[in-house]
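K.L.:
Take a look at the letters that make up each chain.
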Amino acid sequence: MNPIDPRVHQALDGEISPDSLPPELRRQVERLESAAALLVRVPSLEGVERRVMAIIARPAPTRLRRLTRWLVTPHSLVLRVRPVWSVALAAVAVLFAIIPVRETGVRLGREEGVAQFVARFPGAQSVAVVGSFNDWAPGSIPMEDRDHDGVWRASVVLPAGTHEYMFVVDGERWVADPLAGRYVADDFGRENSLLIVRPAHR
Amino acid sequence: MKRAALLLTLVMAVPTAPHALRAQSVRARLEGRVPASSIPAIDSLIHEAGREGLPTDLLVQKAIEGGAKHVSGERIVKAIELNIDQLRRAQTLLVSAGDMPPVTPSEVAAVVWARKRGLDSATVTRIVSAIPDDRRAAALHAVADLVFHQFQADSATDLILTAVREGMHGGRLLDVSYAAVQEIQRGHTRPEALAMVERQLPNVPTQPPPAKSTLERARRPIAASHTESVTP
Numbered sequence: 001m002n003p004i005d006p007r008v009h010q011a012l013d014g015e016i017s018p019d020s021l022p023p024e025l026r027r028q029v030e031r032l033e034s035a036a037a038l039l040v041r042v043p044s045l046e047g048v049e050r051r052v053m054a055i056i057a058r059p060a061p062t063r064l065r066r067l068t069r070w071l072v073t074p075h076s077l078v079l080r081v082r083p084v085w086s087v088a089l090a091a092v093a094v095l096f097a098i099i100p101v102r103e104t105g106v107r108l109g110r111e112e113g114v115a116q117f118v119a120r121f122p123g124a125q126s127v128a129v130v131g132s133f134n135d136w137a138p139g140s141i142p143m144e145d146r147d148h149d150g151v152w153r154a155s156v157v158l159p160a161g162t163h164e165y166m167f168v169v170d171g172e173r174w175v176a177d178p179l180a181g182r183y184v185a186d187d188f189g190r191e192n193s194l195l196i197v198r199p200a201h202r
Numbered sequence: 001m002k003r004a005a006l007l008l009t010l011v012m013a014v015p016t017a018p019h020a021l022r023a024q025s026v027r028a029r030l031e032g033r034v035p036a037s038s039i040p041a042i043d044s045l046i047h048e049a050g051r052e053g054l055p056t057d058l059l060v061q062k063a064i065e066g067g068a069k070h071v072s073g074e075r076i077v078k079a080i081e082l083n084i085d086q087l088r089r090a091q092t093l094l095v096s097a098g099d100m101p102p103v104t105p106s107e108v109a110a111v112v113w114a115r116k117r118g119l120d121s122a123t124v125t126r127i128v129s130a131i132p133d134d135r136r137a138a139a140l141h142a143v144a145d146l147v148f149h150q151f152q153a154d155s156a157t158d159l160i161l162t163a164v165r166e167g168m169h170g171g172r173l174l175d176v177s178y179a180a181v182q183e184i185q186r187g188h189t190r191p192e193a194l195a196m197v198e199r200q201l202p203n204v205p206t207q208p209p210p211a212k213s214t215l216e217r218a219r220r221p222i223a224a225s226h227t228e229s230v231t232p
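As given, the protein sequences belong to chains A and B, one line each in that order.
Residue numbering for the first sequence follows the working numbering, beginning at 1 and increasing consecutively.
Residue numbering for the second sequence follows the working numbering, beginning at 1 and increasing consecutively.
There could be a bad hint or two in this list.
Short, incomplete list of chain A residues facing chain B, as computed with Cβ under 10 Å [said to hold, decoys possible]: (1) P3; (2) P6; (3) R7; (4) V8; (5) Q10; (6) V129; (7) V130; (8) G139; (9) D145; (10) D186.
Here are the computed distance ranges between Cβ atoms for each label pair [as the list claims (entries may be wrong)]: (11) B:A130 - A:G139: 26 to 36 Å; (12) A:E191 - B:P202: 54 to 64 Å; (13) B:A36 - A:G189: 35 to 45 Å; (14) B:G167 - A:P142: 38 to 48 Å; (15) B:E31 - A:V92: 50 to 60 Å; (16) B:E31 - A:G139: 13 to 23 Å; (17) B:T214 - A:W85: 17 to 27 Å; (18) A:V151 - B:S96: 24 to 34 Å; (19) B:H188 - A:E191: 41 to 51 Å; (20) B:P202 - A:G139: 18 to 28 Å; (21) B:A28 - A:R173: 47 to 57 Å; (22) A:H148 - B:T214: 52 to 62 Å; (23) A:A180 - B:P102: 28 to 38 Å.
What the hints contain is simulated information worked out from the structure, not anything from laboratory work.
All values reported here derive from a predicted model rather than from experimental measurement.
Cβ coordinates follow ideal geometry from the N, Cα and C atoms, glycine included.
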């Protein structure tokens, strides 16, 4: 930036007459005065102000409108995934689609519990639980011996409370549960085992 | 005239309808399950018991049990008569202990089981008088469990009634008797076992709820029917 001669300042401030200046400084003063005249003639800002105030006063767009605007506006999404993870995710999705959902058992009512029956009958072909909970009907609660070790098991949902029961071996031999620990006379000359089922949801 | 006769028939039929339905349901449940010749006698006994306010479902169950065990009709009838007598005695015991008739079927059944399990009537009366609500069934079973393991009936009753006073009820009372039996198996004498468990009250170990794997394996009986049950 060129320094301005102090005489130019004085002439602009009216302290000396421009005519007393040398011709090149006089031209400089004239250029500066014409530039100042241009600045004085700045157009009115009244229209701009009105437009700005109108925009400010406009109510803010609703959330739905903003969402709509966002949805229709093009965006660029950059997803950086390693190919190995893509393959693993695809494999998991395929497994979920192929493998059936496992049975998760029965839903227990508020006044229900689960009774576990276990008995050892080596060589038996079938064992069933009969009792007051199934009208003493063999076949409604079959026991299982999956590993053929002579130990038969059954897990049964029963109403909470007291029940009398027996085992029926091979469809004809009625036997009290030797592990029951509670017995009552059956009034037919034998003993029934007694089972107390506690509610599962305590 | 015809309309009036029809109306009169309907009016007379309405009060007797429940009895008729009950009669039908008892016979329907027995048919094919007990010897046919014994059904009228059993049916008659069960209806008589029902009129006395005794729990008839236990009697129907007993008849079905006899049929399933291939017992003769005559023996089934005798067993029903015996059961009615037991139920009647239980009802009398409950009323004499302070219960207002009609006593609930589950209460009567609980007393019958307690008596059948070897508790004498004095012990049962003591428990029933001390616990005037439906916590009795579990208390009776808990005492019977202890008596079954050769504990003195009085001492066993003392322990269970103390547990009740400590706020324990239902299945937790069975935990108390189980804890006492566990102490015997650890080598303690019966009085020692009772004293040890009494000191622990009410914090005796609780039986854990069934494991998730057990619940997953559990199945409902095929064609299970309603049974008279007593919640401990």
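K.L.:
Hints first: check each against the structure and report whether it holds.
P.N.:
Evaluation of the provided hints:
1. P3: violated, 92 Å
2. P6: violated, 98 Å
3. R7: Interface hint status for A:R7: violated (102 Å vs cutoff 10 Å).
4. V8: Violated. Min distance 98 Å.
5. Q10: violated, 101 Å
6. V129: holds, 8 Å
7. V130: holds, 7 Å
8. G139: Result: holds, 7 Å to nearest chain B Cβ.
9. D145: violated, 14 Å
10. D186: holds, 7 Å
11. B:A130 - A:G139: 26 to 36 Å: Cβ of B:A130 to Cβ of A:G139: about 44 Å, so the range 26 to 36 Å is violated.
12. A:E191 - B:P202: 54 to 64 Å: violated, 33 Å
13. B:A36 - A:G189: 35 to 45 Å: Distance hint for B:A36, A:G189 is violated at roughly 23 Å.
14. B:G167 - A:P142: 38 to 48 Å: holds, 42 Å
15. B:E31 - A:V92: 50 to 60 Å: With a Cβ separation near 58 Å, B:E31 and A:V92 satisfy 50 to 60 Å, so the hint holds.
16. B:E31 - A:G139: 13 to 23 Å: holds, 19 Å
17. B:T214 - A:W85: 17 to 27 Å: violated, 39 Å
18. A:V151 - B:S96: 24 to 34 Å: violated, 47 Å
19. B:H188 - A:E191: 41 to 51 Å: violated, 29 Å
20. B:P202 - A:G139: 18 to 28 Å: For A:G139 against B:P202, whose Cβ atoms are near 43 Å apart, the range 18 to 28 Å is violated.
21. B:A28 - A:R173: 47 to 57 Å: violated, 30 Å
22. A:H148 - B:T214: 52 to 62 Å: violated, 22 Å
23. A:A180 - B:P102: 28 to 38 Å: With Cβ atoms ~32 Å apart, the hint holds.
The structure does not agree with the numbered hints 1, 2, 3, 4, 5, 9, 11, 12, 13, 17, 18, 19, 20, 21 and 22 stated previously, though it agrees with the rest.
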